[in-house]
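> With chain A's structure known, arrange chain B on it following the hints.
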Amino acid sequence: MKLDFSTLMTIIIGAIFINNFVLSRFLGICPFVGVSRSLESSFGMGMAVIFVMTLTGFVTYFVNLILVITRVEYLQMMCFIIVIAALVQFVEMFLQKFNPTLYSALGIYLPLITTNCAVLAVALLNVKEGYNLIEAVLFSFFAAAGFALALVIMAGIRERLEITDVPRTMQGVPITFIIAAILSLAFMGFSGMKF
Amino acid sequence: MLTDANTLAIIWSVAVMGGLGLVSGGLLAFASRKFAVEVDPRVAEVTSALSGANCGACGYPGCAGAARAIVEGKAPANVCAAGGEATMRMIAKIMGVEAASVAQKIAKIQCRGDIGIAKLQYEYHGIDDCRAAYLLFNGAKACSYGCLALGTCAKACPFGAIEYEFHRVPYVRYDKCTGCGVCVDTCPRKLIDMYDATDEVFVLCKSHDKGPAVRKVCEVGCVACGVCERSCPYDAISVKDGLAVVDHAKCQKCGICVMKCPYNCIWGKPKETRAFITDKCNGCTICEKTCPVNAISGQPKQLHVVDPERCIACGICVGKCPRQAIEMHPHAQSSVAHAQAKPVPAESTLAGVK
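Protein chains in written order, with the numbering used here: chain A, 1163 to 1357; chain B, 794 to 1147.
Next comes chain A alone, as it looks inside the complex (with noise of 0.2 Å):
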């Protein structure tokens, strides 16, 4: 296994700014307008995204080598859902039991992504880009941190927004699009960054 730094600075920036899960790849969406209302409960999903992506692009980078190995890369999609929803499920079954604290810190947001897009697409990215154990990990860690930072923007953002006079056609989810588009054109400014 070779490990370059400048290539894992390039997949960290980009995991988190380039390429950021939401703004820029557009996905988890559902996630980033339904909990972005307040601080609190988008910091603890962020923290559940980033522990659930953290543990997806560990345990798939060794389902894709079963796949590999037996030629049958083209039920990834299948596996890797199976695989990714029946590991939530155990962890949170397993974090209850152990570690009730952590459990009810992630609460409802842990069983919530268990099948989100943007969970998929990190176990897909992984395989794609080609990456190994280490700069598989990395980047499933830094996207979610990504989403997590989109997330938390939003809701800063959103609180701010509580108390503003919004007309009123645009009050709720229109609103939260429109800055959900403003913020998607910020992050695209860095899309032209080279390393």
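None of these hints come from the bench; they were simulated from the model. Computed from a prediction, not measured in an experiment: that's the story for all the values here. Using N, Cα and C, we set each Cβ at its ideal position, and we do this for glycine too. Don't take each hint at face value.
Claimed, not checked - Covered by chain B, per the in silico footprint, the following chain A stretches (three or more residues, Cβ under 8 Å): (1) 1216-1229; (2) 1240-1246; (3) 1318-1327.
Stated by the list, open to error - Looking from chain B toward chain A, a few residues come up when the C-beta cut is under 10 Å (computed): (4) Leu801; (5) Ala808; (6) Gly814; (7) Gly818; (8) Phe828; (9) Pro854; (10) Gly858; (11) Asp922; (12) Arg924; (13) Ala925.
Then chain B, alone, in the frame of chain A:
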């Protein structure tokens, strides 16, 4: 016929998918046994009693979260305002709580000073939100206890029970208020309190200022004159620290204080009944003398009559009549509005009788 490569692909894909499914399933089955956490069986029962709409009005993440909080004793049995009384009773039964302890509550905004009736200390041009206005010198109202009348509570109400017109004090509708209490915390001036739904008389002012100071800023504020205290036949209202306070345990909802208050700051729920004198009356005139609003008239030894336009349905005469000749009957609301629009002067009725 299948070629070797094809057969192999089919076998492998079935094996891999089946294997993964089997391993995952086995893992989960194992985990559900091994890591099973004993959960209070009441949690499941309460969850099924709740609506399952996951509206979040209770402040917990979904109905399951609320059920857990109820069973753990963190939330009262009536936490689900959306479910109403039926849900409340079901949960109270599961939890073994007395149904009486889940009495229906209603919110009451305790101010009458619409902008125009109560004076302003400056003109506010900002975000239409009481909390935002409150940041600016405690709001535009000159009275430091008054409603800012920007309708933040009305926007917060999840059931549309608070009616708000621009720059008027919002009004809580008895028929729609579920008593969830969401509005209470939204009011920066703490003007909203929860009362039992059976309470009907409220002092709609929270000003502890001295009389002249209140009059300077508001036409409908309580100046602690004590008229209500003296007129109440049940000792249920008293002036404390510059403000009239109703003791709801003693209040008989007669509505005399509502009528007597010279500043109109006591509010009573409009009555739907009126006193009615039956044939049993022998004209003893006791009712005529006890009626606080002079609504009863009649000659001695003859059948007395109640004027429904003036009767406030206080029920005092019902208790005083020695022959039990007075009953309370439902009365159409339209004539109440009529009575308010065109008050009948006291002399004219008396003259008619003479």
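> Now, for every hint given, state plainly whether the structure supports it.
Now the hints, each set against the structure:
no.: 1; hint: 1216-1229; in the structure: holds (count 3)
no.: 2; hint: 1240-1246; in the structure: holds (count 4)
no.: 3; hint: 1318-1327; in the structure: holds (count 3)
no.: 4; hint: Leu801; in the structure: holds (8 Å)
no.: 5; hint: Ala808; in the structure: holds (7 Å)
no.: 6; hint: Gly814; in the structure: holds (6 Å)
no.: 7; hint: Gly818; in the structure: holds (8 Å)
no.: 8; hint: Phe828; in the structure: holds (4 Å)
no.: 9; hint: Pro854; in the structure: holds (5 Å)
no.: 10; hint: Gly858; in the structure: holds (7 Å)
no.: 11; hint: Asp922; in the structure: holds (6 Å)
no.: 12; hint: Arg924; in the structure: holds (7 Å)
no.: 13; hint: Ala925; in the structure: holds (5 Å)
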